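Protein sequences appear in the order of chains F and G.
Position 109 of the first sequence, counted from 1, bears residue number 109 in my numbering, the numbering being contiguous throughout.
Position 69 of the second sequence, counted from 1, bears residue number 1069 in my numbering, the numbering being contiguous throughout.
It is worth saying that the hints were derived from the structure and are not from the lab.
The reader is advised that the hints may include incorrect statements.
To be verified - In silico BS3-like cross-links for lysine-lysine, where the CA-CA straight-line distance does not exceed 30 angstroms:
1) LYS351(F) x LYS1184(G)
2) LYS1184(G) x LYS329(F)
3) LYS370(F) x LYS400(F)
4) LYS508(F) x LYS37(F)
5) LYS214(F) x LYS527(F)
6) LYS258(F) x LYS214(F)
7) LYS1030(G) x LYS1046(G)
8) LYS351(F) x LYS1245(G)
9) LYS1236(G) x LYS329(F)
10) LYS329(F) x LYS1043(G)
11) LYS551(F) x LYS533(F)
12) LYS1187(G) x LYS329(F)
13) LYS1187(G) x LYS1123(G)
14) LYS351(F) x LYS1123(G)
15) LYS508(F) x LYS522(F)
16) LYS476(F) x LYS413(F)
17) LYS1143(G) x LYS1046(G)
18) LYS214(F) x LYS518(F)
19) LYS1143(G) x LYS329(F)
20) LYS214(F) x LYS413(F)
21) LYS518(F) x LYS500(F)
22) LYS551(F) x LYS527(F)
What the hints assert, rightly or not - Pair ranges (Cβ atoms, derived):
23) ASP334(F) x ILE1007(G): 53 to 63 angstroms
24) GLY1121(G) x ASP328(F): 47 to 57 angstroms
25) ASP328(F) x ASP1070(G): 36 to 46 angstroms
26) ILE1007(G) x ARG83(F): 30 to 40 angstroms
27) ASP1203(G) x ALA408(F): 27 to 37 angstroms
28) GLU1056(G) x LYS508(F): 53 to 63 angstroms
29) SER540(F) x ARG1139(G): 44 to 54 angstroms
30) ASP501(F) x ASP1070(G): 42 to 52 angstroms
31) ILE347(F) x ARG1231(G): 38 to 48 angstroms
32) GLU1106(G) x ASP328(F): 34 to 44 angstroms
33) GLY240(F) x ASN1243(G): 39 to 49 angstroms
34) PRO412(F) x GLY1121(G): 29 to 39 angstroms
35) ASN85(F) x ARG1139(G): 54 to 64 angstroms
36) SER1061(G) x ILE347(F): 31 to 41 angstroms
Keep in mind that this is a model prediction, so the values were computed, not measured.
Using N, Cα and C, we set each Cβ at its ideal position, and we do this for glycine too.
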Amino acid sequence: MNYIIKNAYVVDPINKISGEKMDIFVADGRITDEEPKNAEIIDAGGFLTLPGGIDSHTHICGTKVNFGRYMSPEDMRAGRAPRRNGMRAVSGYSIPTTYGNSYRYAQMGYTTLTEGAMAPLEARHTHEEFKNTPLQDGLILTLFDGDWGVMRAVASGDIKRAAALIAWRLDAVKGYGVKLTNPLGAEMWSWGKNVECMRKPIPEFDLSSAEYIKGVIEANEMLDLPHSVHLHCNNLGKPGNFTCTIGSMGLVPDLNPKRQTCYLTHVQFHSYGGTGWGDFCSKAEPVANMVNLRPQITIDMGQVMFGRTTTMTADGPMEFNLYRLHQDKWSNHDVEMETASGVIPVIYRRKNLVNSIMWAIGLELALLVKNPWQCMLTTDSPNGAPFVKYPEIIGLLMSKEYRDREFATIHPKTESRVVLPALDRELTFEEIAVMTRAGQARALGLIDRGKGHLGPGAEADIAVYPFRPDRLDPSKQYAEVIRGFAQTKYTMKAGVLISKDDTILADKQNRIFWCSPKVPEKYDMAKDPDLIKTFENNYSIRMENYAVDEKFYLSGSVKIETETRL
Amino acid sequence: MRRITLILREEIDPFLPIEAESISPEILSKRIDVPVYVGNEQKLLKDVFYIRVDGEAAGPSATEIILVGDCHQVKRIGEYMTDGKIIVEGDIGMHCGDFMSGGTIEIMGDAGHWLGREMLGGKIICHGNAGNYCGSGYRGGRKGVRGGQIFVEGNVGDYCAECLFGGLVHVKGNAGIHAGGNMKGGKLLIEGDCLMPCGDMFDGEATIYGHVTDFLPTFVQTGHITEKGHRLTVFKGDMAHRNPKGTLRVGSFERI
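Just chain G, same shape as in the assembly (with noise of 0.2 angstroms):
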């Protein structure tokens, strides 16, 4: 087991944006003097973070990585990570775990926008709000989230598993406008309030069992049921697409 602490120099100016795809179990279990980039130039890592390494890693999977500090400016950390854990204690900056298909990802604080784009598979738990975009897709694509699972403790942005295509993004708060809009498949678990959700849906399951505002007049329903103590209507939709297969429960609504 290999852990690998970094800890934010205080020197870094906080408002430059760091690109750091290079922080993933895979790349720092080989090889810790990794390229990042701070604004527009580039440094080392050792120049970003103090670092220090505990133990010997066989492989991506025995490594730990732990980041310390305020790194709300930090972007892409475990981009394209396929194992192993990274645990951030503070705050993560945009497009965490971006492309991730195995491993795990711990947010203590809040997690920026973007927070498992186009992931494919693992786990990313964050104890704080998420930004806009949580396990969504990216501009003009067709398939976001195709598997894996997103818990979020507390609310998130707009755009919350936006063209969710597999897996599971399970909010425990609020969420912003337009959850799960274009969904194709997978389920999306909100159990706060949202506003205006999954437009234009085609298939996957969506539940909300806090209060809907402006529900689209384009969902048809089907029945109740009783999930965990929740009472929810059932709905099937989006009428507006051909052929939907889409199904929305929600626990209380106020049409549009």
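Bound conformation, chain F alone (with noise of 0.2 angstroms):
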């Protein structure tokens, strides 16, 4: 189907098209430069239109997931609609099912989604997830925080093994990038103790978290992957953790031209200062300075919104601290030789000092960095808030006024230990553009696959939000700006429709991007005898069977192969 969409009001960063009125031509599910035939024409009306949302960040398929809906069921009684108009009946708030994911996601015009961590041995599971997911293209980060052969290679010093083995386990599991959570965490963890920041060695490996970070960008970049290595610093949710987070950042060289060298996930939990919960303060400027001053970094939010969530990472002993704080539910998982994982639920709470620091924290991370490019905005759904709060946050960062009368809700002692207050920055509609899409398509690699972007050539994701940006005051008209945000008026994936008010049209529109890097016979770990013996010893199921099978497992597949440097 080919359409027209006469009169949008077009944001588009990446082409350097800031709110002009214009016509869009989408031909075989491509954007063109000219008129196509048999088209249907769509009315924007004026309407803000972007490319398709991208989400850097989030937690929506996988085993800590359905973890996280096992143990809530409660979750499920909010958020029920029954089946209509071809759409599937869906419940769950914080973690819905996959379909609900799906229909929200499309909903605010998103269209790519980036699972935060896979643990590999786990690949199947997320896999068949994002197959149940289908409205958007899935990217699957995977966890290499603990894995026994990278950590042991870079022990070593041999990066170029490395990188082999990062290589083999990517093409193996389908995975699209390197996430490290914790680094060494999870290893330390199943000796029921954690890193101290990232100087200190780990015993039985002789390896620091902080050779381990820069051991991995190498590979990372030695295997020229489209996305940087996504980087969950250690010490999470600590009063303090910023000196360890600015060490990480001071870890990172600039290696890559064209993107970021290392992306910092969640920073908003990693930006704490004080030395304990009674003093605990913010301490997002100097991180965001940080930010500032070195270009190979790039942040997202991870903002904490009021109201009933769940956390889930793979950070385990992180969970664990955190149970022990609310004495609530937990789960805990180890993955053999790989990672960990723990899920708790949580209730952000207004009244709760901490929580109002925290939530004014990640506000300040987005003002404070200067440049958009280098702040996504996310919420790690759902461990900050469920994803669909982000059109709140939207508002929150687009208007002074909604941000003081928010302010004055929450805990009255937070305005002595954050500077939120004293920001008068408004984000402008096209700083918001490049938060939620375009920066995302640069960090994760996907403006060459035409995402991000409505420049000819690119893949027709576009989405159109039912208010005009040039009648519209966001810094008063706040309330509009977010309901617009809440639920476009169309959301088109690949030059289908997947979404008109309300209603979703589409269905089987997924695929998920995976990389497979060109690695030199020398360096092929299928037929390394250590990796061959490392899982006849310690892994409980055989190597032949550990690889993911494209044909049954991914709905559809585009394979990325890169050129290595090994």
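Relying on the hints, combine the two individually framed chains into one complex.
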């Protein structure tokens, strides 16, 4: 089907279009220059039109998401909607069913999602859930935080071997990029301990997390992967952890001209000052300054919004600390030789000082990082808040008035611990477009794949939001902005209209993007005696059964082959 | 005063569940032609019950509903009820009186599972036995019954008063396993025996006049009292929880 989207108010930062009324031509799933024949005309009526949204860090598919579902049957009592017009019945709020996730993202204009952490051994489950997330393309970041093979290779200084192991595993599990969650923390957690920041070497391996981060970054660049290393720093959620975060940022060299060299995720959880919960305060300012000084770093906010949600991460020891704080449900999981994980349901409350400060820190980061290409809008869904809160965050970032109004409702002592009330910056629609799609496309290396922009040749992922930006002052009419971003007029994915108003129109439009670095024969780990021995001795699964079958587990597959320097 | 008598029609298949959340004084004081589900089929109330209406109602408080016949498959009656009275002359099905915040439900026969689940106020009297999860919360929820009173003259099943947060659950007979599990407030009184009660108790008061089998080792004995002629041993717990405030009194016990 071909389309002409008439009279659209286009904001497309990659092609430097900032609020131009124009027509968009869609033919065969791509955007073209020429007016297509037999096209259906969609009148955008001067509404804000953006490239399809991209979420660079969310948790929607995988074993730990599903374990969150097991643990919190009460979550399924919210967000229930019956089957209608070809849409399936959905339920759940912070950890909805896969179709619930897909429908809600589609209605917010999102067409590409990045699952933030997949344990390689649990890859099949993740792919099966992605198969049932029908309206978004999926990218899956693969956990390497406690991979014994890579750890040993980095410890012995053999970065090429580390790169080859990463290449083999990404290819086997159909992953897109490298995720480090609390590097080496999973290994220490299997001894009941955690790593203390990043300089102290862990026993058995004689490797510190600083060395490991540096080694993996180097290996990642050697493989020329489209995405950089995706780093969840050590010491998440501990008061005073900002020094560790800044230290980790200091480790990152500038190795790639096209994108960042390291992506630090949910930095809100890593920008805490103080020595304990008593004097807990915001250190967003030094962290944002460090980002401003280092163009090789991109961060995402990991904004916390008030309400009920579920935290889930591969950072097992952190979830244990959280359990001791909340004394509620807790799940803990160990993935042999690879990683760990934990899940806990939480409620963030306005009346709680710590939660109020966390809420402020996320916003401060987004406002203090000068270049919007370096700070993505996320909630680390569902850790900070479910992704359905994105429109509210956009409202908060675009309106000082709304921020002040919300600030008046949170814990009164917050003011002395944060800098948020002093920040006057109000983001523009262009900056929001960067933080929700263009910047994410650049950070994930998807611009070449035609994502994140509306130039000719790009994939026709288009979101039309039902308000006219030229007749609207977002700093005053923030309520309309929030309402507008919450539900698109039209969402199109690869030239297929997937949602109109509150109705989903399509099914089975999803693909998985995955990377297969081309490694020379010498570094083909499938024939590596050490790896074969590891599987024979230490894994509960045979090596030949480890790889995920492309045909059976992936609904649609885009294989990205990269040239390596091995 | 309006009295509505509902007599279950004999042609209704006793093996099909009837979802009848519309049988509550709020709804029936306004209109009678309400839908109920029989199995997966929507029907009108009058197709499922013979209905007899006497008198005029000023509102739900002046409405009395009487269910006649074997209603063991009729579910969710009195859901969200706030006032008025429901009398069940026989047995009643699952989820009777859930979320109710006022009024009275009197059951002459046995009640099904989930009697008075997540109730907020009001009173439920069951003259027979009640099923599992009597006066409890729902799956995964932290707070169960928050107020009101539930009296059961017979025995109750397992997980009675789980996550109890307020109000009173009074059982004259015996209880099954895990009565008062995860209690966070309120009062639980079991006059008969029970098995392994009050695990992970945070707060509240549980009293068991009878014998406790498999008593948990995580309770600390603090003394003895005599209540209504029963000599009871008093415990504090559950010590597996940080800073527990719960009180558990038992007649006799045998440790696990």
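Results for each hint:
1. LYS351(F) x LYS1184(G): It holds: about 22 angstroms lies between the C-alpha atoms, which stays within 30 angstroms.
2. LYS1184(G) x LYS329(F): Measuring from Cα to Cα gives roughly 15 angstroms; hence the hint holds.
3. LYS370(F) x LYS400(F): holds (17 angstroms)
4. LYS508(F) x LYS37(F): Between LYS508(F) and LYS37(F) the Cα gap is close to 26 angstroms, so the pair holds against 30 angstroms.
5. LYS214(F) x LYS527(F): Given pair LYS214(F), LYS527(F) holds - Cα atoms ~27 angstroms apart, limit 30 angstroms.
6. LYS258(F) x LYS214(F): holds (19 angstroms)
7. LYS1030(G) x LYS1046(G): The hint holds at about 15 angstroms.
8. LYS351(F) x LYS1245(G): With Cα atoms ~24 angstroms apart, LYS351(F) and LYS1245(G) stay inside 30 angstroms; holds.
9. LYS1236(G) x LYS329(F): Given pair LYS1236(G), LYS329(F) holds - Cα atoms ~22 angstroms apart, limit 30 angstroms.
10. LYS329(F) x LYS1043(G): Violated, because 41 angstroms separates the two Cα atoms, which is more than 30 angstroms.
11. LYS551(F) x LYS533(F): holds (28 angstroms)
12. LYS1187(G) x LYS329(F): holds (24 angstroms)
13. LYS1187(G) x LYS1123(G): The hint holds at about 14 angstroms.
14. LYS351(F) x LYS1123(G): violated (34 angstroms)
15. LYS508(F) x LYS522(F): violated (40 angstroms)
16. LYS476(F) x LYS413(F): holds (27 angstroms)
17. LYS1143(G) x LYS1046(G): violated (37 angstroms)
18. LYS214(F) x LYS518(F): Holds. LYS214(F) to LYS518(F) sits at ~22 angstroms (cutoff 30 angstroms).
19. LYS1143(G) x LYS329(F): holds (14 angstroms)
20. LYS214(F) x LYS413(F): violated (39 angstroms)
21. LYS518(F) x LYS500(F): violated (41 angstroms)
22. LYS551(F) x LYS527(F): holds (23 angstroms)
23. ASP334(F) x ILE1007(G): 53 to 63 angstroms: holds (60 angstroms)
24. GLY1121(G) x ASP328(F): 47 to 57 angstroms: 26 angstroms Cβ-Cβ, so the 47 to 57 angstroms window is violated.
25. ASP328(F) x ASP1070(G): 36 to 46 angstroms: holds (42 angstroms)
26. ILE1007(G) x ARG83(F): 30 to 40 angstroms: Given a distance of about 35 angstroms, which is inside 30 to 40 angstroms, the answer is holds.
27. ASP1203(G) x ALA408(F): 27 to 37 angstroms: With Cβ atoms ~34 angstroms apart, the hint holds.
28. GLU1056(G) x LYS508(F): 53 to 63 angstroms: Holds: the Cβ-Cβ distance is about 58 angstroms, inside 53 to 63 angstroms.
29. SER540(F) x ARG1139(G): 44 to 54 angstroms: violated (31 angstroms)
30. ASP501(F) x ASP1070(G): 42 to 52 angstroms: With a Cβ separation near 48 angstroms, ASP501(F) and ASP1070(G) satisfy 42 to 52 angstroms, so the hint holds.
31. ILE347(F) x ARG1231(G): 38 to 48 angstroms: holds (43 angstroms)
32. GLU1106(G) x ASP328(F): 34 to 44 angstroms: Once the Cβ atoms are compared, 37 angstroms apart, the range 34 to 44 angstroms for ASP328(F) and GLU1106(G) holds.
33. GLY240(F) x ASN1243(G): 39 to 49 angstroms: violated (26 angstroms)
34. PRO412(F) x GLY1121(G): 29 to 39 angstroms: holds (34 angstroms)
35. ASN85(F) x ARG1139(G): 54 to 64 angstroms: violated (30 angstroms)
36. SER1061(G) x ILE347(F): 31 to 41 angstroms: Holds, at about 36 angstroms.
Checked against the numbered hints above, the structure violates hints 10, 14, 15, 17, 20, 21, 24, 29, 33, 35; every other hint is satisfied.
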